Amino acid sequence: MERIQQVVGRARAAFQSGRSRSLEFRLQQLKALERMVQEKEKEILAALHADLHKGGPNAYSHEILGVLAELALTMEKLPSWAAPQPVKKNLMTMRDEAFINFEPLGVVLIIGAWNYPFVLVMQPLIGAIAAGNAVVVKPSEVSENTAQLVAELLPQYLDRELYPVVTGGVPETTELLTQRFDHILYTGNTAVGKIVMAAAAKHLTPVTLELGGKSPCYIDKDCDLAVACRRITWGKYMNCGQTCIAPDYILCDPSIQSKVVENIKATRQEFYGEDIKSSPDYERIINKRHFKRVLGLLEGQKIAHGGEADEASCFIAPTILTDVSPESKVMEEEIFGPVLPIVTVKSVEEAIEFINRREKPLALYVFSNNKQLIRRVISETSSGGMTANDVVMHSVVPDLPFGGVGHSGMGAYHGKHSFETFSHRRACLVKDLKMEVINKVRYPPVSQKKVDL
Amino acid sequence: NPYAGLVSHLRASWLSRKTWPREYRMAQLEALVHFLDEKKQEILEATAADMGKPPFEVELSELLLCKNELHETLNNLSQWMKDKQVDRPLATRLDSAFIRKEPYGVVLIMAPWNYPIYLILGPLIGAIAAGNCVIIKPSEIAKNTERLVAEALPHYLDKDCFAVVTGGVQETTRLLENKFDYIFYTGSSSVGRIVMTAAAKHLTPVTLELGGKNPCYVSDTCDVVNVARRVVWGRFFNAGQTCIAPDYLLCTLEMQEKLLPALQEAITEFYGPNPQESPDFGRIVGDKQFRRVRALLCSGRVAIGGQTDEAERYIAPTVLVEVQPSDPIMQEEIFGPILPIIIVANMDEAIDFINSHERPLAIYVFSSDDKVVNQVLERTSSGGFCGNDTLMHVTLTSLPFGGIGNSGLGMYHGKFSFDTFSHCRGCLKRGMGRETLNAPRYPPYSQKKFGIVQATSKVARKDDCTLL
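Line order of the protein sequences matches chains P and R. At position 380 of the first sequence the residue is numbered 380 (the numbering used here), and the sequence of numbers has no breaks. At position 29 of the second sequence the residue is numbered 29 (the numbering used here), and the sequence of numbers has no breaks.
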């Protein structure tokens with residue numbers, strides 16, 4: 001535990017030395033990260049496979065591609081993002097310099113999650129480095145192979161004092177949270193999010209919390225069901241359902257429920273073949289605990305398709321549940337597994353009401369050919385982000401802020417939003433010591449003439 | 001939970017979506033303009049009763065600054081509310097991607113006593129503009145203004161969506177047990193921690209506008225007379241009860257010798273030979289605060305001022321010299337009309353001194369040498385910064401106003417207020433067609449598909465990034 005205090009202390013001393021601040025230094029570190037990802041691609045893919053049974057192409061597109069893209073964007077835009085921003089002046093300050101300076105916050109803590117274990121530490125790290133901070137990285141111990149790899153690789157490529165990796169479980173994380181940071185970005189669940197924010201409150205540390213929830217997916221009668229279901233199948237079952245923005249459950253009219261099931265079934269076949277267990281493209285549940293948890297959600301449910309499971313390999317087949325009751329267990333917690341409940345609703349009004357009765361989700365999806373309906377769903381609900389007529393994709397548009405609202409989180413990042421999240425916007429006004437005559441109007445003693453001015 | 005009924009009433013109004021239309025928000029903001037115009041006399045009287053606030057200060061810091069925020073917001077609200085289209089990578093080039101600004105819901109604004117109107121209305125304007133319902137909690141310490149706000153404001157705003165809650169520590173604690181969708185707090189760092197801890201229970205995002213000791217470095221190359229005026233103005237405005245007031249001065253012994261007569265000259269020019277008789281100098285807000293500030297006079301030696309009058313809660317504009325960093329006056333934010341001077345040998349020592357303390361809400365530096373101003377700016381960190389003046393950076397609505405570290409988190413003023421009280425929702429609207437373009441992302445993965453994915457990924461520097 002003393003070690004953690006030392007590590008954070010060293011990062012702070014390194015930050016105070018000022019070396020993380022120059023643009024050249026930041027770009028150099030980002031370039032080194034890029035080299036790391038390119039040179040160690042095989043090792044990264046192997047770790048992801050060991051942790052989540054994630055196939056190479058999947059791992060590459062889900063994790064590596066995103067990281068490389070973020071690095072490229074950040075390195076290109078950093079000089080413009082970091083430049084002081086002049087602002088509009090008023091008559092009194094017309095001759096002065098008024099601008100916003102983007103400055104690092106200091107020492108940032110990034111706590112990663114296990115479901116996309118590489119990108120969820122790397123993407124925030126990129127933003128934090130770009131903003132000139134020192135960063136303590138705490139990968140999730142649940143995805144132990146990736147955590148181990150990150151702990152080995154970062155010191156080989158980056159400044160060791162400025163960007164240390166701390167590994168470990170709950171005791172180490174708890175100890176870390178007693179230290180003082182200048183920003184904490186946490187990705188994980190709502191319950192731990194509250195703990196992180198309470199710990200941050202002791203030091204008045206700003207936080208970005210990327211949490212979760214049940215992301216609803218409304219399918220309108222008026223839509224191309226085959227296309228809709230293909231896209232939903234892709235987003236739901238990727239990473240074996242362990243995606244914070246996966247469509248958690250479906251809302252649709254009872255008249256199309258069986259068609260939805262048929263389409264998803266057909267797509268499932270198309271994607272993973274007859275023997276899903278032997279498909280190299282289908283992942284596994286991360287560990288036994290979550291395996292049991294997800295399987296437990298199937299109790300008492302009508303399984304329209306799937307339901308096969310194998311504890312030894314933590315395999316759960318892509319599963320569809322129909323006529324699910326809103327009060328059942330599977331509708332209480334975020335599923336985070338390959339189980340897709342369908343809850344029937346008679347109208348879009350009912351769907352909107354259903355969604356609004358629950359905690360604000362991280363993502364929201366609506367499928368319809370009717371643009372009016374889509375506009376209505378967007379304007380009458382709230383969520384971190386949303387995609388219409390597809391799933392997950394809003395998270396890959398780099399200029400869209402990625403974050404939650406209410407129980408699904410606070411703050412946002414990705415692209416420029418990361419840079420802004422990890423920067424302090426310092427208001428600066430620089431005046432002349434001369435031109436005192438302009439100031440005289442504000443000084444006492446006061447006459448009515450001054451007031452009117 | 002005594003406030004549960006009120007909060008659920010506001011939440012019901014929120015769910016009715018009453019506060020969403022632009023016309024509604026504009027109407028509420030216009031009503032605030034009327035409040036400031038029609039209740040101006042009452043505001044002058046209440047603030048005078050609370051802390052002897054000079055009418056000119058009220059005009060400038062309570063009325064004018066609020067009006068500026070209102071006008072800025074009314075002028076620009078349509079623009080601010082618009083969905084913001086964003087660039088799209090190749091994979092989504094044919095779609096519509098935009099950021100939507102949405103209200104959070106039911107918001108709590110907790111205001112302090114020192115600028116009781118401005119520090120309620122400032123955040124309130126942003127909260128209303130962003131479409132929220134608001135519970136306002138004015139400070140019980142400025143008793144007269146609290147009463148005025150509680151009685152008058154509800155007549156101007158929609159009672160279904162905006163409410164004022166009065167009370168002290170106990171009431172505030174109960175209030176904080178409720179779930180809010182945003183909490184905006186202005187006050188002390190210690191209470192800021194309590195507010196954030198309470199917010200954490202509900203995962204409520206917060207903005208905390210706190211305080212600290214704002215250093216003011218005066219270099220050896222400067223126009224002493226102008227410096228003295230600007231420092232005196234900033235320090236003794238509102239009898240020193242300003243979160244961004246220059247808290248203490250750093251300068252060399254030589255500069256101190258030049259400054260002292262200039263400071264005295266400025267004080268006399270502003271407040272006359274006996275500031276207690278000047279209508280332009282305020283009073284300490286309460287007995288408790290008066291005693292706290294008076295006790296700080298024991299630090300160092302009084303070079304200017306030092307007189308006090310408990311009956312009036314008057315403390316003269318005071319300058320202390322021979323102050324040590326370990327003295328009581330250097331351990332807390334002064335929030336009173338006392339300016340201690342700490343001697344440093346040079347700019348580097350001043351910067352080191354500043355950096356060895358918690359990051360303040362504002363840093364001031366006076367120098368006719370641009371390099372000095374830039375050095376201090378670059379080598380320190382603070383909420384805001386003003387070179388060659390005091391307080392003035394807060395008058396520009398185009399600059400964000402907020403702290404860092406112990407001096408706060410988040411920011412507001414102008415559009416930043418609107419943004420603070422808005423959730424930025426990332427939205428992507430796709431079409432159902434062009435499904436073939438999606439094909440490379442679907443399993444089963446073949447080497448060919450992977451080749452397409454890699455080929456279309458284009459992560460070279462100059463190109464856009466793409467995914468799948």
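Honestly, the hints are just simulated from the structure, not real lab data. Every value quoted in this text rests on a predicted model; they were computed, and no experiment measured them. Glycine included, each C-beta is placed from N, C-alpha and C at the ideal position. Just to be clear, a hint being listed does not mean it is correct.
[Unchecked claim] Simulated coverage check for chain P against chain R, where a stretch passes if three residues somewhere in it have a Cβ under 8 angstroms from a Cβ of chain R: (1) 88–94; (2) 99–107; (3) 179–193; (4) 230–243; (5) 316–325.
Hints, one by one, checked against the model:
no. : hint    : in the structure
1   : 88–94   : holds (count 5)
2   : 99–107  : holds (count 5)
3   : 179–193 : holds (count 3)
4   : 230–243 : holds (count 3)
5   : 316–325 : violated (count 0)
The structure fails hint 5 only (numbered hints given earlier).
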